[in-house]
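Residue numbers (the working numbering), protein chains in the order written: chain A, 1 to 689; chain B, 1 to 315.
Do not rely on the hints blindly, as some may be mistaken.
Cβ-Cβ distance ranges computed for the label pairs, FRET-style [what the hints assert, rightly or not]:
(1) ALA296(A) x PRO223(B): 49 to 57 Å
(2) GLY426(A) x LEU246(B): 56 to 64 Å
(3) LEU111(B) x GLY310(A): 38 to 46 Å
(4) THR87(A) x ALA165(B): 57 to 65 Å
(5) ILE62(B) x GLN158(A): 34 to 42 Å
(6) PRO124(B) x GLY71(A): 51 to 59 Å
These stretches of chain A come out as covered by chain B in the derived footprint (C-beta under 8 Å, 3 or more residues) [what the hints assert, rightly or not]:
(7) 84-95
(8) 120-133
In case anyone wonders, no lab produced these hints; they're calculated from the structure. Even glycine gets a Cβ: it sits at the ideal position worked out from N, Cα and C.
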Amino acid sequence: MSARMAEPVLSVRALEVAFMASGRPVPAVRGIDLDVHANEVLGIVGESGSGKSVTSLAISGLLPPTARVRGSIRLGGVEITEADHETLRRMRGVDVGMVFQDPTTTLNPVFTIGRQLTEGQIAHGRLRADAARARAIELLREVDIPDPAGRVIQYPHQFSGGMRQRAVIAMAMAGHPRLIIADEPTTALDVTVQAQVLSLLARRQAETGAAVILITHDLGVIAEMAHRVAVMYGGRIVESGPVEQIFARPRHPYTVALLRSLPRLDGGAARLEPIPGQPPAPSNLPPGCAFHPRCAVARDRARCRTEEPGLRACGPAHLSACHFVEEVPAPSLPRESDGAQPARPAVRRDSEPLLTVENLQVHFPIKAGILRRRIGWLRAVDGVSLTVHEGETVGLVGESGCGKTTTGRAVMGLVRVTGGRIRFGGRDITALGRGAMRQVRRHMQYVFQDPFASLNPIKSAGEIVAEPLRIHGLYDEMGGAGRIARLFEMVGLSPGMMGRFPHEFSGGQKQRIGIARALALEPRLLILDEPVASLDVSIQAQIINLLQDLQRELRLAYLFIAHDLSVVRHISDRVAVMYLGRIVEESEKQALYATPVHPYTQSLLSAVPVPDPTVRGVRRRIVLEGEIPNPASPPPGCAFHPRCFRASARCSAEAPAFLPYPGLPTRAACHHAGPLIPAPGAKHPQEVA
Amino acid sequence: MIGYILRRLAQLLPVLLLASVGIWAMVYAIPGGPVGMILGENATPEQIAALRAELGLDRPVIVQYWAWLTNALAGDLGVSLHSRQPVVSLIGERLPATIQLGLAATVVGLLIGIPVAVASALMPGSWLDRALSGWSALALGVPTFWLGILLILLFAVHLRWLPSASGYVPFWESPIEMLRNILLPALTLGIYVSGIFARFLRASLVAELRADYVRTARSKGLPERDVVGRHVMRNAMLPFVTIVGLMMANFIGGTVVTEAVFTYPGLGRLLITAISTRDYPLIQGCILVILVIYILINVMVDVLYAYIDPRIEYA
Numbered sequence: 001m002s003a004r005m006a007e008p009v010l011s012v013r014a015l016e017v018a019f020m021a022s023g024r025p026v027p028a029v030r031g032i033d034l035d036v037h038a039n040e041v042l043g044i045v046g047e048s049g050s051g052k053s054v055t056s057l058a059i060s061g062l063l064p065p066t067a068r069v070r071g072s073i074r075l076g077g078v079e080i081t082e083a084d085h086e087t088l089r090r091m092r093g094v095d096v097g098m099v100f101q102d103p104t105t106t107l108n109p110v111f112t113i114g115r116q117l118t119e120g121q122i123a124h125g126r127l128r129a130d131a132a133r134a135r136a137i138e139l140l141r142e143v144d145i146p147d148p149a150g151r152v153i154q155y156p157h158q159f160s161g162g163m164r165q166r167a168v169i170a171m172a173m174a175g176h177p178r179l180i181i182a183d184e185p186t187t188a189l190d191v192t193v194q195a196q197v198l199s200l201l202a203r204r205q206a207e208t209g210a211a212v213i214l215i216t217h218d219l220g221v222i223a224e225m226a227h228r229v230a231v232m233y234g235g236r237i238v239e240s241g242p243v244e245q246i247f248a249r250p251r252h253p254y255t256v257a258l259l260r261s262l263p264r265l266d267g268g269a270a271r272l273e274p275i276p277g278q279p280p281a282p283s284n285l286p287p288g289c290a291f292h293p294r295c296a297v298a299r300d301r302a303r304c305r306t307e308e309p310g311l312r313a314c315g316p317a318h319l320s321a322c323h324f325v326e327e328v329p330a331p332s333l334p335r336e337s338d339g340a341q342p343a344r345p346a347v348r349r350d351s352e353p354l355l356t357v358e359n360l361q362v363h364f365p366i367k368a369g370i371l372r373r374r375i376g377w378l379r380a381v382d383g384v385s386l387t388v389h390e391g392e393t394v395g396l397v398g399e400s401g402c403g404k405t406t407t408g409r410a411v412m413g414l415v416r417v418t419g420g421r422i423r424f425g426g427r428d429i430t431a432l433g434r435g436a437m438r439q440v441r442r443h444m445q446y447v448f449q450d451p452f453a454s455l456n457p458i459k460s461a462g463e464i465v466a467e468p469l470r471i472h473g474l475y476d477e478m479g480g481a482g483r484i485a486r487l488f489e490m491v492g493l494s495p496g497m498m499g500r501f502p503h504e505f506s507g508g509q510k511q512r513i514g515i516a517r518a519l520a521l522e523p524r525l526l527i528l529d530e531p532v533a534s535l536d537v538s539i540q541a542q543i544i545n546l547l548q549d550l551q552r553e554l555r556l557a558y559l560f561i562a563h564d565l566s567v568v569r570h571i572s573d574r575v576a577v578m579y580l581g582r583i584v585e586e587s588e589k590q591a592l593y594a595t596p597v598h599p600y601t602q603s604l605l606s607a608v609p610v611p612d613p614t615v616r617g618v619r620r621r622i623v624l625e626g627e628i629p630n631p632a633s634p635p636p637g638c639a640f641h642p643r644c645f646r647a648s649a650r651c652s653a654e655a656p657a658f659l660p661y662p663g664l665p666t667r668a669a670c671h672h673a674g675p676l677i678p679a680p681g682a683k684h685p686q687e688v689a
Numbered sequence: 001m002i003g004y005i006l007r008r009l010a011q012l013l014p015v016l017l018l019a020s021v022g023i024w025a026m027v028y029a030i031p032g033g034p035v036g037m038i039l040g041e042n043a044t045p046e047q048i049a050a051l052r053a054e055l056g057l058d059r060p061v062i063v064q065y066w067a068w069l070t071n072a073l074a075g076d077l078g079v080s081l082h083s084r085q086p087v088v089s090l091i092g093e094r095l096p097a098t099i100q101l102g103l104a105a106t107v108v109g110l111l112i113g114i115p116v117a118v119a120s121a122l123m124p125g126s127w128l129d130r131a132l133s134g135w136s137a138l139a140l141g142v143p144t145f146w147l148g149i150l151l152i153l154l155f156a157v158h159l160r161w162l163p164s165a166s167g168y169v170p171f172w173e174s175p176i177e178m179l180r181n182i183l184l185p186a187l188t189l190g191i192y193v194s195g196i197f198a199r200f201l202r203a204s205l206v207a208e209l210r211a212d213y214v215r216t217a218r219s220k221g222l223p224e225r226d227v228v229g230r231h232v233m234r235n236a237m238l239p240f241v242t243i244v245g246l247m248m249a250n251f252i253g254g255t256v257v258t259e260a261v262f263t264y265p266g267l268g269r270l271l272i273t274a275i276s277t278r279d280y281p282l283i284q285g286c287i288l289v290i291l292v293i294y295i296l297i298n299v300m301v302d303v304l305y306a307y308i309d310p311r312i313e314y315a
């Protein structure tokens, strides 16, 4: 803690940033103070519009010219708000390095990785052009990229996503900056790759002693990485303090509400407590405390509505901006017990399932050459079997490219099935014609991930919801406008909003419209493809609760496709884990999360960052090596064996069958299936302390 | 790389073969045909039969096509019906002039268009951007014949710096004379095409400047001239190269008006004359040559594409 005493690397005081929009300033950051010291990771948490990314751009002097900046940012003795362009340029890459969110777009596709790694240092005159290659190789080696000499002359598209982000980290650290700003550095990555990148970032931070600002919406990542945390809301820091304090005894109602709204791997099955409303847009901030309209503590008191609270000390190095700090409840107040979740009728497994998928295969041809000849098959789905009963939620989890979305689309008849059978409502729908399939689709509907792209922007919300009824010629039969109004109410939207257009809705509201549309035809099965993945944390909980209410009221069956294991755990009755086109493990939710037997499930679960800093270093973590192979050329035998810590010779030769695991309600496809034991056998998992 | 170019060229053979059928069949698509053209309306059936035999038109269609094709491949495109000179030598006189003008006009277009595009893309919405957009609209909107006449009036009639009629002077014979002759027609075409170049490149630059990699490049502390000149420009070049290629191809045979204004001996005027006199072998020859050059330019564009963007493989 001696670092605290020293001069901070970065010191921000009363920073305000506003953008000009239609002639008036829109405040994005409204007066924040920050200090970051060497050897310290400051986590900044916030939802969209909280001002966290604008803050980071202000610190690196990368704000667009339309931004108006006031206050003070001191970095390495330079006052950034007053510095000219050339001073700022010379500071970037030397005093501050940046890691951005999406490594596929942050690298320039037309230049080699090596060139992009070193061009900054060459421009700063800190590296001679003839030494660049050797330095680039060294940088790649430092971030654990295998064969750095061969990789350095490759282009970004030849790197996998995780390797690209490693290269971006290497790039940010190339000039040994004293400050590194990482803005959502793992949000675009799969969870097993996220684990690799986070541990790399932590290792390089420790090795270089740099100060790090880690900006993220993911409280799990914060708990795992940060030393201190600043929580941002409405352009201000509403709470800051040591990470243990923030998680154990948060002192701002927003922080408490965030922690409570989160589905957690280590949480109970209780109903989530969403934060009502939505994060405010910078152009439309509420007066007084920006959080008061959503706050459980404010209770509409005049002080909250009129007076903006300042940050006040509420513990050692712990600040909170709340008028009624002493009233803020502890997050560990008894969470509503399991009984709080309204009871729903038990799922009857003895009857015939609503949906049965047997050995489903979907192969896409890979074509090449002028004549577009088929040169191979991409086995997107390669033998998937699952059942969904009425009123049941089956979660389908896996990382990108595992075939979970293709499975959902195949069930809907949106892609051609190569092999296997799909039964729905007692009827084989595998090879139905267009007309017959359309009739079936009335009873199963799809909810898409991206509520922004899946609603037609030129139709009103009412028209969008009515469209399925019109397509099936049932608009009048099913109640016309009255039916649409009822659907709006069902998903928690006011029927008065029917005439509005998609751009007038927030992300969460758009997803509600998507759900209303899916419900219009009174389906029996909803295929939900990442329905909450693009929503803010506080909104996620609202949508999850809505889905659970609707299921209970309408006895809906859900096939819930997602990558987020915590969300899947919260909502599912049973869970299937996919890897490279196959289900590797499937079980009752409790059994799968408590006693996973497939090594992939085990690694996946251990890779999820848990929003609890006290388990950092205690919780055992299996960091998988490598990344998901190309499904066009899967490894022989068990597709997981090259990354598996239990793999034996048999695994590379023989694909394991999908068999029941004795003593558990589990089926798994593994030659060496079994619970994790304290001392694993032949090959030890790589453990990270 | 060379293998890639050869393969790309080989892939074009079927295209060329198909096009040759079309070009050859054109003769039959037009009422009257060459015989009526040569002999006029009052020809006797005997005269017609004799000429048909002389021209080989009495042979089966396949045989005729095969003969035409093999001759064309051997470099013999027949004899002009009008001037009785070999088509190959007629085209051969005009082609270098046309290529020289096309290249010169492209260079002028790029010299004006690229700076205009960069300047306006860097300050979108500024007065400079709006002024330069105005320039692009003007360049596109002014008819080339009128611009050509204005240039002649200014530089040839009024200032007497340059000749009013532009002949073809090969570059290697006298670079200065060549420049004096080509400057006015090249300016006429180049100003027009600079409007197109500027618009496309500006749009492409504005889109690329918003890309994430630009922020990354800036965050490394690269000077702005490197960010724009290297990172942005190279990506913005991709769609731009296509448009430049298209316009260059357009200059081969598509510059009749400018050629007429400057009495420049280009391929365009040859083709128009051939069409108006229904000189079928000459029409066929001109179109075939224009088509081959068009295809070659397209291959060049593809190769450039693969050179600029490593994601496009030489495969």
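Quick rundown of the hints versus the structure:
Checked against the hint of 49 to 57 Å, the pair ALA296(A) and PRO223(B) passes, with Cβ atoms roughly 51 Å apart. Distance hint for GLY426(A) and LEU246(B): a CB-CB separation of about 59 Å, consistent with the stated range 56 to 64 Å. Between LEU111(B) and GLY310(A) the Cβ separation comes to about 60 Å, which falls outside the hinted range of 38 to 46 Å. Under the hint 57 to 65 Å, the C-beta atoms of THR87(A) and ALA165(B), about 59 Å apart, fit the expected range.
Taking 34 to 42 Å as the suggested C-beta distance range, the pair ILE62(B) and GLN158(A) does not conform, at roughly 51 Å. The hinted range of 51 to 59 Å is not satisfied by PRO124(B) and GLY71(A), whose Cβ atoms lie roughly 28 Å apart. A count of 7 residues in the region 84-95 of chain A with a Cβ less than 8 Å from any Cβ of chain B is obtained; the coverage claim is therefore met, three being the minimum. Only residues whose beta carbon comes within less than 8 Å of a beta carbon in chain B count, and the region 120-133 of chain A has 3; three or more means the coverage holds.
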